[in-house]
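Next come the chains, spelled out residue by residue.
Protein chains: 2
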Amino acid sequence: MNQDDIKDSDIDIVIGALQPDLTSFLNEWRPVFSRFHLIIVKDPDLKEQLNIPEGFDHHVYTKPDIEKAVGASSTILFSGYSCRYFGYLVSKKKYIISIDDDCLPARDNEGNLVDPVAQHITNLTTPATPFFFNTLYDPFRVGADFVRGYPFSLRSGVTCALSCGLWLNLADYDAPTQALKPQQRNSQYVDLIMTVPARALLPVSGINIAFEREMVGPALFPALRLAREGKLRWETIEDIWSGMCAKVICDHLGLGVKTGLPYVWRSDKGDPIESLKKEWQGVKLMEEVVPFFQSVRLPRTATTTEDCVAEMAKSVRERLGSVDPVFNHAADAMLQWVKLWKSVGSGSSTPGGA
Amino acid sequence: MNQDDIKDSDIDIVIGALQPDLTSFLNEWRPVFSRFHLIIVKDPDLKEQLNIPEGFDHHVYTKPDIEKAVGASSTILFSGYSCRYFGYLVSKKKYIISIDDDCLPARDNEGNLVDPVAQHITNLTTPATPFFFNTLYDPFRVGADFVRGYPFSLRSGVTCALSCGLWLNLADYDAPTQALKPQQRNSQYVDLIMTVPARALLPVSGINIAFEREMVGPALFPALRLAREGKLRWETIEDIWSGMCAKVICDHLGLGVKTGLPYVWRSDKGDPIESLKKEWQGVKLMEEVVPFFQSVRLPRTATTTEDCVAEMAKSVRERLGSVDPVFNHAADAMLQWVKLWKSVGSGSSTPGGA
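Residue numbers (the numbering used here), protein chains in the order written: chain A, 64 to 417; chain B, 64 to 417.
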């Protein structure tokens, strides 16, 4: 789909509210967000009332909405950072953009405010090129092209289904890295967008992402929950897990994943030293998770994202179930997610379909 | 090896001279090149005497030197852009850096002169991370690190054996792209270096590269020669071909390939419209070449780069020999290169060895 054909009403911005007062967050984003519909999902653990400034077309979903849709004793917990996924489920739009509530607009190297919605939509509406690396990066950017040696048959590219943005100031490091380098802040704005090659895995961060809802939504779920998961990003890996599912499925279905621009400015918060006690579980699990996703293969009969997730859940149970009980829980949650997606969500996700 | 342990005498700079007057080229590079030994290989088709300004520690190799080493009726032709490979063969240094004779020093976004030797050596002496993508790119750059979700077991990385630099002004496009966009110039200096993921192929451009000689040299050869190959970069694909061999071999041996910084400034030259007549052969061949390299597998018994090239030559003959006679010639040249490397060159190339 051409970028010019995208209407504002094709886009939902999903915000998981982990803090009650969204006033300064939304006021800072007003120049970017005010044209779009906002889905705000309140962390069900949050007791205080939400504070939302005027002038935004929005809908707030709270604990009763979640319970009504998925039941109180669900395998899937929509608390903490996982609350945002409920927004993915209830959206009916073509594109979803999701940004953490501790992020503010960033500035590029020339000092201009970055519009992450526009950049994510550009990323999603220009082709991705996962099957051969272009040394000048995104060949569809103004002033760039395919380099010598790039096969002409691969130059039309494929649909980009997932766009992963980055972070200035507080980068998305894990607790050990934060604890080891407490002063480290990311100040490098790399003016770049690129397709992650097929069969290469990346840690998808949920802080700042956008995707085609029907194509990728069935693969973005809160399934892997750490035993002592907290309310800080570095205490979670649910996005890393579902991101790897999504990347493997995109590779299987011939869809593209991009990373790079746009940046958001991430505010400081939390004490990484405190989190270290909890985080090691996530760090240890990754040593099992990565080899699994590097080797998992999906059957040819799996032609939709929902099929692929169901197959993946089967493999998770078979190959990781005996390693740690969290993986069995993840497999169950993945299957429940597909069911929810079909009942609450709109269902079909044929790649290329509208 | 630590960057601080690299002596100037560990490095050879190899220049293929396709033009007789190297005065302005070398004078522009004097601040960077004058500390190093230069291997200058004169294109055997070039009749005029070379003009080399004073003050450079250099050795010039000419047609008689080539004939003495490889014989007059060799399968491998060291003419045109291929003359530089003779420099790879006679070097005895740990690192080789090679830059085309139509390139000048570039400036970064702050206007500082780029030192490609220093940057290439940094790339080669810091680890590469081909087995998992880091969304903040090179984790070993100052101010960067591994992001959340990056497995700790993969954070030590592997040896980087090949560093591919880029080009400002005239980018390395093929003749059709140049002809279609005659005004297009690359002005985007992307301040980035990254590892190309394992199993992802890239078109390695020979314009601006550096490598560990013993590890990669046996895989960098002038083997694929187009029927009407000329004296312009876009009329050749010998570097693209050997670059794909090198990437597949690096993947097989667990070595890394980086791309990005450093940039060089490439001068305008030549008429792409004229070259179009010749270029289409290269463009057509790529449609066969890429699927071949995407699927070729090397046996476990191939544990050195020389072994791998010999095995690759066998596969080229078997799978591409019937497609076009240039591939049979390439296979012969690859085998001859390995022989030459063992006799003229120093021989052993055990990865990790000195």
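None of these hints come from the bench; they were simulated from the model.
Note that beta-carbon positions come from the ideal geometry of N, C-alpha and C, so glycine has one too.
Don't take every hint at face value.
[To be verified] Sample of chain A residues lacking proximity to chain B, with all beta carbon distances greater than 10 Å (derived):
id: 1; residue: K70
id: 2; residue: N197
id: 3; residue: N249
id: 4; residue: D331
id: 5; residue: Q357
id: 6; residue: T366
id: 7; residue: E381
[As the list claims (entries may be wrong)] Incomplete in silico selection of chain B near chain A, CB under 7 Å:
id: 8; residue: P202
id: 9; residue: Y213
id: 10; residue: S216
id: 11; residue: Q251
id: 12; residue: V253
id: 13; residue: F356
id: 14; residue: V359
[Said to hold, decoys possible] What the simulated footprint calls covered on chain B by chain A, stretch by stretch (three residues with Cβ under 8 Å from a Cβ of chain A suffice, anywhere in the stretch; the number is not a length):
id: 15; stretch: 235-248
id: 16; stretch: 256-263
Verification of the hints:
1. K70: holds, 30 Å
2. N197: Not fine: 8 Å to the nearest Cβ puts N197 (chain A) too close to chain B.
3. N249: Incorrect as stated: the minimum Cβ-Cβ distance to chain B is 7 Å, not above 10 Å.
4. D331: Nearest chain B Cβ is 16 Å from D331 (chain A), so the label holds.
5. Q357: violated, 8 Å
6. T366: Given that every Cβ of chain B is farther than 10 Å from that of T366 (chain A), nearest at about 23 Å, it holds.
7. E381: holds, 21 Å
8. P202: Since the shortest Cβ distance to chain A is 10 Å, the answer is violated.
9. Y213: holds, 6 Å
10. S216: holds, 6 Å
11. Q251: holds, 6 Å
12. V253: Status holds, d = 5 Å.
13. F356: It is violated, given that the least Cβ distance between F356 (chain B) and chain A is near 10 Å, above 7 Å.
14. V359: Since chain A brings no Cβ nearer than about 15 Å to V359 (chain B), farther than 7 Å, the hint is violated.
15. 235-248: holds (count 6)
16. 256-263: holds (count 5)
Checked against the numbered hints given earlier, the structure breaks hints 2, 3, 5, 8, 13, 14 and satisfies all the rest.
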